[in-house]
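S.K.: The residues making up each chain are set out below.
2 protein chains.
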Amino acid sequence: MALTRREVKELSELTQKKHRDETQKFLVEGIRLVGEAVNSDFKVLEALYTPDLLDTPTGRSTVQLLKKKTSQVHQVTAREMELISETVTFQGVVAVVKQKRFSLDSLLENANGQSVLVAFDGVSDPGNAGSMIRSCDWFGVDGILMGLNSVEVYNPKVVRATMGGLFHLPIVEGVDLLSTLSTARAAGYKVYVTDVGGEVHFDRVRYDSKSILVFGNEAWGVTDQVKQLADVRLAIRRYGAAESLNVGVACGVILSTLHRLYDE
Amino acid sequence: MALTRREVKELSELTQKKHRDETQKFLVEGIRLVGEAVNSDFKVLEALYTPDLLDTPTGRSTVQLLKKKTSQVHQVTAREMELISETVTFQGVVAVVKQKRFSLDSLLENANGQSVLVAFDGVSDPGNAGSMIRSCDWFGVDGILMGLNSVEVYNPKVVRATMGGLFHLPIVEGVDLLSTLSTARAAGYKVYVTDVGGEVHFDRVRYDSKSILVFGNEAWGVTDQVKQLADVRLAIRRYGAAESLNVGVACGVILSTLHRLYDE
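Residue numbers (this note's numbering), protein chains in the order written: chain A, 1 to 264; chain B, 1 to 264.
These are calculated hints, taken from the structure and not from any lab test.
On a predicted model such as this, the values are computed, not experimentally measured, just so you know.
Any given hint could be a false lead.
Below, simulated EDC-like cross-link-like pairs (lysine to aspartate or glutamate); rule was C-alpha separation at most 16 angstroms, straight line [said to hold, decoys possible]:
no.	chain 1	residue 1	chain 2	residue 2
1	A	K98	A	D21
2	A	K25	A	E7
3	A	K157	B	D125
4	B	K210	B	D142
5	B	K157	A	D125
6	B	K98	B	E109
What the simulated footprint calls covered on chain B by chain A, stretch by stretch (three residues with Cβ under 8 angstroms from a Cβ of chain A suffice, anywhere in the stretch; the number is not a length) [as the list claims (entries may be wrong)]:
no.	region
7	132-144
8	155-165
9	236-243
Heads up, the beta-carbon is just placed ideally off N, CA and C, and yes, glycines get one too.
Using the sequences and the accompanying hints, generate a full structural model.
M.R.: Below, the structure written as structure tokens:
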């Protein structure tokens, strides 16, 4: 069943935040990520593929999977795909997925008593945010709080850089970090803020079983107001001449020590 | 002194690898990076700025610095700057810098007996390579070996993502890693290769005083041939559902444990 010109236009508009917000949909591109979407508990509303996808076994099985998951699977031309897709090297398949809202309260009230959350305080580069979600996924973080001034998780560049991470752990967007961190502390969470001038070397910390780790903006770091809510200010000691570390790298470095508590 | 149209064209061509290779020059953009270039032992050949740069004290002192360093400082129009510059949000100043060749032999024959090098085996994303150079700079790595199949260090996106790192430590490009790693091992280096299937958890390693740490391509990791030269295959244990970590993050995580040897 071919798409009308209007339908193609509507889909291509999902590359813009405004339209994603309005429709509560987002785009997922490429065999690997579409596969992740299909196997997650996100709802795949629609999928589009170009004929050449059927040339490979993986491509064919992706289309079969999609047809099981949704009745709206359309073959489109390369030209139409180009209009809809955001990537330069498009991979012949795009899924339209329903956005998911997670509850902040249920994230904070994690039942098993052990909960490590990560908060983004103004992380603005899509590549950084995506790679941080991917790292949170790798290191088994229980959930992510995206501050009001952080990049949108359904931005196609963020989605791509998560490498599927956004399908694996709850992410709450538009979080007012000041009030949320206060509430969390009252509920027994310890707040760890990364800060170039922090007094505790990351490698010396044993995290509390209820922890929130806060990472800041690429240029100015964590805001002063949020820093004031910190129980611990973490720093990564410098041995060379660089002025700072990339925030995605800093996040990975700090998360890599999370599990020592349980290992040793 | 205004630039001729031909001069503007020649400068704009430095955004292409072919022309960078031919002329052995590269572009550095923005107040911060240009400042780093001027204060490094790289040779600044020429600099261009738009009039609005003179509106700020930092901008004015940058122009003064440049005038001390080179006689070729030109004011250009915003339109000309746009043609020359690669960044979307250009910052009003660009320096043309001479590329620098470091000797592989002198890097390996580090005199003080203690030497930690990092090798890139096919790292292809400019943002990743740049952030890895930045991390190497932060953690005090002694030098970088860029394998034949890795992205070019003078690519503007790499330069930008290094945040000045490329001015702080020697980087050798076009390295044949197979022969170089063999030579290095014969000279007493231990080779540590990152490998998702590696048998040693990164956190358990104490690095040799002469070490080379190898990081691989975004999609397929370190090549099998290079893996065969490894003394140790390092892995970062996974606790969640992600398939892999971003290579820039993995690099930072592994480098963050380098100095434990000396600390504890």
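S.K.: Compare the structure with each hint and give your call.
M.R.: Hint check results:
About 11 angstroms separates the Cα atoms of K98 (chain A) and D21 (chain A), which keeps this hinted pair within 16 angstroms; it holds. Only pairs whose Cα atoms come within 16 angstroms are accepted, and K25 (chain A) paired with E7 (chain A) is accepted, the gap being roughly 14 angstroms. Distance hint between K157 (chain A) and D125 (chain B) is fulfilled; the C-alpha atoms sit about 14 angstroms from each other, no more than 16 angstroms. Taking the CA atoms of K210 (chain B) and D142 (chain B), the gap is near 10 angstroms; set against the 16 angstroms cutoff, the hint holds.
Restraint check for K157 (chain B) and D125 (chain A): the C-alpha separation of about 14 angstroms stays at or below 16 angstroms, so the hint holds. This hinted pair does not check out: K98 (chain B) and E109 (chain B) have alpha carbons roughly 25 angstroms apart, beyond 16 angstroms. Residues of the region 132-144 of chain B with a Cβ under 8 angstroms from some Cβ of chain A number 8, which satisfies the need for three, so the listed coverage holds. Look at the region 155-165 of chain B against chain A: 4 of its residues bring a Cβ nearer than 8 angstroms to a Cβ of that chain, three or more, so the hint holds.
Check result for the region 236-243 of chain B against chain A: holds, 8 residues qualifying (beta carbon to beta carbon below 8 angstroms, three or more required).
In this structure, only the earlier hint numbered 6 is contradicted, and the remaining ones agree with it.
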